[in-house]
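> For the sequence shown, position 38 matches number 45 in the numbering used here, and the numbering has no gaps at all.
Hints in this document: simulated from the structure, not taken from any laboratory.
What you were told as hints is all true, and nothing was included just to trick you.
Pairwise CB distance ranges, derived in the manner of DEER restraints:
#1 18 to 111: 30 to 40 Å
#2 194 to 255: 47 to 57 Å
#3 56 to 135: 18 to 28 Å
#4 135 to 254: 46 to 56 Å
#5 239 to 20: 25 to 35 Å
Cross-link-like lysine-lysine pairs, in silico, DSS-like; alpha carbons within 25 Å at most:
#6 49 to 192
#7 51 to 72
#8 53 to 72
#9 181 to 51
#10 53 to 181
#11 49 to 183
#12 56 to 192
#13 49 to 108
#14 108 to 72
#15 195 to 56
#16 195 to 54
#17 72 to 194
#18 51 to 195
#19 53 to 192
#20 51 to 192
#21 53 to 194
#22 108 to 56
#23 108 to 54
#24 172 to 107
#25 172 to 53
#26 54 to 192
Here a beta-carbon is modelled for each residue, glycine too, at the ideal position from N, C-alpha and C.
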Amino acid sequence: MNIVVCIKPVRLKYVRTNISDGNEWVINPYDLYTLLDIIEFKEKTKKVKITCVSMGPLDSECILKRCLAMGADQCVLLSDQCFSGSDTYATAYILAEAIKKIGEYDLIVCGKQAVDGETGQVPFGLAFRLGIGCFIQVEEVLSVADNSLQIVRIFDQYREILEVKPPVLLAFNKLKVNADLNLIKLKKARNMPITIWNCRDININPECCGSKGAKTKVLNLKQSFEKKNPIFIEGSMKEKAQRLLEILMREEGL
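Working from the sequences, and respecting the hints, build out all of it.
The following block contains the structure:
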């Protein structure tokens, strides 16, 4: 079974993590949870090949090294200046063309959204471009049998088990910030090659990528919340509590 895992690099400032290896980039937490579940699925079924695909600058290659250390078999980084400024529409186009070049796949998996964007639209756009079904709110891949997969989905308080037939795209709903890494495997992964493709390598139209191909145009940006000057309260705990209560009551007009 060939599984493609879509990995989004996000800047460290968007993720609360104890990883401090000097890299500015980390794996999007929703994608990290997805990858770990698929690696666990691989360990149970054995006959699984995992290919991680990521789109980002060259210095985000470090996150794919971590994917190899965790158990991915190969990684592809899509990096080109013309990709810069891509919205969800352009991103789905670029990923779809890259996956077509990778070749045969049974399953495409990704996190439901990125923590630096929160749109959650790429899974739907990617599935549409590839002409396959899309299942969201996935929590786990249970098993494979007779050319079908059993998956677990969570909706509110309901847990449902579905049987789906590949090829299909699954968007996982949970996130994970940190992953335990074997230092020996990480050291070995740093010497493993990462395939890097640009616009020409996947034979796509540059006019359909980046800000040129984006369907979303940012017209204006403004601060959502006005910053307030901090208030420092001095005194004993009782005096601080009383002063805080007075401030809250004044704010509420009481």
